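Residue strings, one per chain:
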Amino acid sequence: MLLHLLVLAPFVAAILMVATSKEDPKSSSRLAFLFGVAFFAMSIALVAGGNQATDPMEWFRIPGCKGPVYYYLYSHGLGAWMVFLSCGLSLVALITARNTFEKNYRNFAIGIFSLMGAMNGTFLSADAVLFFFFFEAMVIPAAVMIAGYGGKERKKAAMTFAIYTLVGSAPMMVSLWYLLTVADNSLLLSFAIALQSLPAETQFVILLSFLLAFLVKTPIFPFHGWQAITYAEAPAPLSAILTGAMSKAGVFGFIAWILPIFPLSMTVVNVMLWLGIATAVYGGLLALRATDAKKLLAYSSMGHLGLAVAGVFSLSEAMLPAVLVLLVAHGISAGVLFYLAGVAERVTGTRDITLMGGLAGKNPVFSTLFGFAAVMALAVPGTAGFVGEFTVLLAIWDMGPLPAVVAGFCLILSAAYMLRFVQKVIFGKPAREYTEGKRMTALEGSTFGIMVALLLTFGFHPAFITNSLHLFDEDAIEEMSKLSGQEGEPEQALPASDSLSGQNSEVSESAEEHHPMTEKEIAQLDSTLAEAGFDESERAALIQQMIAADAAQNGEAAQTNAEATENE
Amino acid sequence: MTNLPLWLIPLFPLVGTVLLGAIAVISSGSKKGPAEGIVGFLAVIFPVLAFASVVLLAWGMPTEGLRQTLCNWIDIPLFKVDIGFLFDGLSRIMLLFVTGIGSLIALYSIGYMHGDRGFARFFAYINLFLFSMIVLVLSDSLLLTFLGWEGVGLCSYLLIGFWNKDLSNCKAANKAFIVNRVGDIGFLLGMLCLVTVGGSEILNYDSLSAFIQMLIAGGHVEIVLPLLSLAGLLFFIGCTGKSAQIPLLTWLPDAMAGPTPVSALIHAATMVTSGVYLLARMGNLFSLLPVVLLIITLIGLATAFWAAVAGLFQNDIKKVLAYSTISQLGYMFMAAGVCAFDASIFHVFTHAFFKAALFLGAGAVIHALAGEQDMRKMGGLLRKTPVTACVMIFAFFAIIGFPGFAGFWSKDLILERLYTSGSLGPIFYGVGLLTAVITAIYMSRLIILTFFGSYRGSKESEEHIHEAPASMLLPMVVLSIGAIFAGYFWADSLGITMFKDSLAPVLSTAQSGVAHVHVNPIIFAGLGTLAALLGMFIALKVYGNARVPAAKGSSAPEGFKADWTFFFDTIHKFCGIIPVAVLAWIVDMVVEKILQAAQWMVGAIAEILGDGVATFQVRKVRLQLALSVAGVAILVAVVLLTGGSI
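In order, the protein sequence lines correspond to chains A and B.
Residue 1 is where the first sequence starts when you use this note's numbering, and the numbers rise one by one after that.
Residue 569 is where the second sequence starts when you use this note's numbering, and the numbers rise one by one after that.
One should not assume that every hint holds.
Claimed, not checked - Computed cross-link-like contacts, DSS-like style, restricted to lysine-lysine with a CA-CA straight-line distance of at most 30 Å:
| id | chain 1 | residue 1 | chain 2 | residue 2 |
| --- | --- | --- | --- | --- |
| 1 | B | Lys599 | A | Lys155 |
| 2 | B | Lys599 | A | Lys362 |
| 3 | B | Lys1161 | A | Lys156 |
To be verified - Over 12 Å on every C-beta distance to chain A, these chain B residues come out as not near it, computed from the model:
| id | residue |
| --- | --- |
| 4 | Arg944 |
| 5 | Gly990 |
| 6 | Ile1154 |
| 7 | Val1170 |
I should point out that these hints are in silico values taken from the structure, not numbers from a laboratory.
Small disclaimer: the values here were computed from a predicted structure and weren't measured.
We treat Cβ as the ideally placed atom computed from N, Cα and C, and that holds for glycine.
Produce the complete structure using the sequences and hints provided.
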């Protein structure tokens, strides 16, 4: 019930908002605020409630396809936290927009609610087509709001945003349709099974089309062309939602759809890892030079999400909680920074940071919050960002020290651009004379304060986030295999379900070629054994055995290969 | 009272931070700031309470120390870390002087910051700093130490840029934070490296020692030595950042932009010594890594010498002291590099007193001269501010190692340990002794230019010169007493080894590998004294009667002096800042533009195609564009898919 409410009720709320007056922002803002609080409360209940699912309902059948498309919602820890972000940030956006838009608040609220519904749908769908439907639906309200409420170049920004993201996911649509003709239904499990029977090239093309959609949405270098202009031109409350919640759909897609479905080769994993790291560096470097406050934050977001994607493709066991903490931390801190940048823009009347300055003396409370929020974005220990970035670096270190060192370089970059940002906005003397716009209200201030406090709380007790994480539990797998069983062969489901409920990394490891053990691996093994309490002689013996077995296996593999060629 | 919970110590300044921060934010709207009496009381009482609890705990501490685990912090697969505290011989000494000197300097700051608009904010930062510093030394794991480590860096940033109306202060603050961040990343990667060696639990200091002992016992050191050396080196990079050693030392002289009590507390007595603390804390690990130890000694040696020479050229009184701090930290690293961790901590301890006294004295001078920091405009202050002068002269005797004063004992100990450290020992000792001579020269120069001769400032400013208020003098006097007597906690030649014994339970294993050759301490003491006297004599000859060149607009050194002083700034510029700036420029102006062009080219092609069709359709070019691009993409995907499946 909760799931249905979270996905469908925002659309109902959007329709109800139509009934309020367009001319009277007060009444409409009150209603919107009430709705927003209700949804936020529901999202907290969802996070607290653990994994839950609705009964799958048949939605429609595409002619020529094997199976039906379901309306099937499923909440695991990852999706639930993303819903928390989307509802929470929407609520703050509704609060702060009240002071930004003098009129036509109603339509903005309608847009926010439809966007929220689409985002929740994206994060809660268990059906690939349903997921894709919401994934695309997110773009429309966002683009409309940018075109309606944005800055000077809003038309261009809206068009760029809509076209870029829609084109990016068009191949995914085709792939989905193709997969539907092969798979029993559009659920994750049957996709995973169906893919195994396809030839490798087809698998690869389908993988590429999925990857492209998520790469564009996140965005990852070199598909970030839409991002800076969109975030800069969108009204600040919307930018906060876009970066805090919507861009997470990309990372979410990597974790929840790509990793379980596709057997990834090591090449793909490496390419994605380095793309993520390249994005992190790229975003950091661009942020160093940006003078537009919102563009700077957009590039900073790009950097953080690049790190998150690199973390995802480290495929370490620690990856999932690490990335989730990073995503939640980034969602909140980037969100609050965008809101604050919006307030700064409102007060000073410009987005150009070289024209700001001196706010510390004029608006001390605002500046305190601003400084706090910026420090939180630096991943100083004790904040959620630190827990996320440190554990993600830990996961990346598994892939070798070099990626981790480069990722560490990004942390230095983030300090450099964030401090520059803080200095330009609040320190020094005002760069020019201006008539002061509406200041930060007490309600806004306390909301931002709560967000900052949340970051501190999660920083000292990340267990709130990490404990609620069970990506696919037994029940869900069972439910999915039941649905597959109606049409196809149930026994096929079993091996796949094992790998799904276990760690995702197994999927890739099985596809990996067999290498002889390196010395580093041996050292690592040795230390792991030492942890497990083996003494020296036992360890040496065990390692000897391992090496021997390893060599034998390699020999066998070579032999079988040779035999195979002989037979041919 | 020994069952006092350990978390109480950091809690006090944390409460202080919250209260003072709230006062600062609430009162920020009003014209007049909050009442200074109440704020000052709150600002001092929490550090004092922390100090009191440390004293109580220190009194009844069992030899093996106290350990308390508070709660779980991070718990994910492959990585579990708790929040826990460790109170042993090492953290006891660090805590005693951190909270003690912290309280004194908070008291001093009440007088110094009197009338400043950010009075409450200043003390909120100071309390936050003390909280972070306490966490740094009290934590029982590297990760929690890292929290304090970045926390003190953050407070340093906030306090250097405290007067944020002036952008040059902000720039100095940014520089300090970013240079420190480079070091911090070293620390962070070092932790990751350790985790790969032995899992997340060896981030805990006790487990780390146990792990290393197990390695030694099993003779398995060689297997993991490369990884451990890498980790050690990475940690050392962290230390060079925080403790301003080559190559990450440029931020400390700039950090003098902050209020003087901050320089005394953070950039002389406590924060900058945390690198030395970390080396001592992980002494067990470092004593296994001969290569890293050699690097540490050489870096320490080079830093001590270079900074001492740079200190000769400074005209700004605080800058002299900043370079002197860097140089003294170099001594501490040298000692750590030859596994004399107890001697390095002893020098940290005595240095905290005399350097804090020197800074506070300099602060009182600056206060008396209404903000003048250029020594060329001072002179003859002995008669005008006698108490300040006495305090500074006592501290001066301590820093140059005059017999009987604190620095004499600790510096001699370090030099002695250097000499007996091995085949390279005599060379280390020689450079160390030479540095001691230079130290005596630049410190004598500071004292001569400031307190002797005649006043060189303007006539009207001379009228206003006044001695500091009592709240400032009291801490200075207490610190100067420390500068005289702190050395007697460990005076080998008098047979007092109290300091050494209290550290022994923590550091003895790390230092057991070093052979102790017995040498005649009198010769070392004699040579040390000679170095101090020689330096004083040279300074007296050169600066005693020389005409001081008139001060120009800036107090920065010029010519070859500037080359020497800003040597590492130049290196940073060419090795760090410019490459990143160029890279950023390339990314922004070249790569980004190419990507944009490609993006719009695709768009334009679609538009041209769309235009063709648009003649017999609705004239919505952009829609056409969207549809055509989407169509092309779909077609490509379909072709690829069908091609693949056949």
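Just pull the numbers of the violated hints for me, sorted ascending. Hints 1, 6 and 7 contradicted; others consistent.
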